[in-house]
Every structure is written in C-alpha cells, then in structure tokens.
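Listed here are the chains, written in short residue letters.
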Amino acid sequence: ETGVTQTPRHLVMGMTNKKSLKCEQHLGHNAMYWYKQSAKKPLELMFVYSLEERVENNSVPSRFSPECPNSSHLFLHLHTLQPEDSALYLCASSRSLAVTELFFGEGSRLTVL
Amino acid sequence: GEDVEQSLFLSVREGDSSVINCTYTDSSSTYLYWYKQEPGAGLQLLTYIFSNMDMKQDQRLTVLLNKKDKHLSLRIADTQTGDSAIYFCAAFSGGYNKLIFGAGTRLAVHP
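From first to last, the protein sequence lines are chains A and B.
Using our numbering, count along the first sequence one by one with no gaps and you end on 113.
Using our numbering, count along the second sequence one by one with no gaps and you end on 224.
Hints listed in this document are in silico derivations from the structure and should not be mistaken for laboratory results.
Here the structure is a predicted model, which is why all the values come from computation and not from measurement.
Okay, derived cross-link-like pairs now, SDA-like style, lysine to any residue, Cα gap no bigger than 25 angstroms in a straight line:
| hint | chain 1 | residue 1 | chain 2 | residue 2 |
| --- | --- | --- | --- | --- |
| 1 | A | K18 | A | L45 |
| 2 | B | K180 | B | D139 |
| 3 | B | K149 | A | L27 |
| 4 | A | K40 | B | S124 |
| 5 | B | K211 | A | L51 |
| 6 | A | K19 | A | V60 |
| 7 | B | K211 | A | H26 |
| 8 | B | K149 | B | Q172 |
| 9 | B | K149 | A | V99 |
| 10 | B | K211 | A | T2 |
| 11 | B | K211 | B | Y161 |
FRET-style restraints, in silico, Cβ to Cβ:
| hint | chain 1 | residue 1 | chain 2 | residue 2 | range |
| --- | --- | --- | --- | --- | --- |
| 12 | B | E115 | A | S96 | 15 to 23 angstroms |
| 13 | B | D167 | A | G14 | 49 to 57 angstroms |
| 14 | A | S59 | B | S124 | 31 to 39 angstroms |
| 15 | B | S141 | A | A39 | 28 to 36 angstroms |
| 16 | A | H79 | B | S120 | 34 to 42 angstroms |
| 17 | B | L158 | A | L113 | 31 to 39 angstroms |
All C-beta atoms, glycine included, are put in the ideal place defined by N, C-alpha and C.
Sequences are here, hints too, so could you generate the full structure?
This is how it looks when you write it as structure tokens:
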C-alpha cells in the first residue's frame, strides 16, 4: 500500500466513449503526476500538477484531459481515444516538485477497442 | 535530450547475486533511484542514492555510483523468486528539472 489509489484498475472502452481515470493520494503530498506505460515507450510523463496547478504537459494529445480539483485528487478524462492509447496509466505523487521521490499507484490498465 | 539506459533482461539462479546496471547522460543529476515493478502493479521505490555518495547499502540491496562514468548499479544479494520483477533506474536531471526513467530491466529468477 503506497498511499496512492487508482480507480478503475481495468477499463475497456470503445473509441467513441468518454471515461475518466481517478487517482487519490493520502500522503499529504503537493505534487501529482500522470505517466503512461506501454510496450513501445516504457514510462512517459504526461502531466504534472503542483498545488492543483498544471506545471507540465508533455505534448499529450487533447483527447487526454487532466483535472486536479485539489491536492489529493487527480483525474484523467478520456474521449475519442485510439487503439494505440491502450496502456497502463500510472499516477504518482511527491511531497513537492522539488522532491523527486515518487510514490506510485497500482495503475489503471486501459484497453481501447 | 537526457537519457537513462539499462539492459532489458537479466536471468539469475536463486541464491546468487544479481547486478543490474544503468547509465545516464546528465552529469548534473543529483538523485538516482531504483524502482521495482511487480506484474500488474505500479512502481515501488526500492532505494536511492545522492550524487555525492559512492555506495549505499540497505539489507540485501547495494547501490554503487560511479559519477565519473555516470554509471549506477543495483546489487541484490541472495536473490529470491520474489525478486522477479522489472527494475527501473531513474535519474533526476538538474538540467531538465525532471525525473528521467530507463526502460527497465526484467529480472527473472530461476531455481
């Protein structure tokens, strides 16, 4: 138990669906991250939030839309995805941006049909 | 850009030592990490070393850092089947102000 919880653990969606991934951290951290892990590129940083403000967006397509309503919760809204978006999406948190020790959730395995 | 490289696969016999190697390119990297990922799970921080250290030992784990060669290694003593996992090396790049991960080394432990 790392203190970072992701739901759902598995998600199957069609290309026209809209779904969301949720991440919650119980560690009192101020920074949260979304990573994509696939066979082609093992760990890609997608988004970084610090104190609910987005500080990094690594050229991620607009069909991925993050939301950070408070420092404990992070969402990744998904719409009109492509099959190549199938991957494990990992959420992580750290005490702050200056502290690079990351605590990861178990991941949400996404399959796009 | 900054890069972290690891060999992709390592196979060892149960009870032997495992050594997983990693090289990085950013000489200003301050913290270097080892993460472990078991099947179907997220990444778990195993250990880390600060760039002004050469070695860090934590029970069965020994981390060695050669800053001149930008080479990091993780030694697991008395490797067990429960150590089978993917091990990721990560370097905090001071120049890019971000954590850069390697592709991961899959460790297979056989009897």
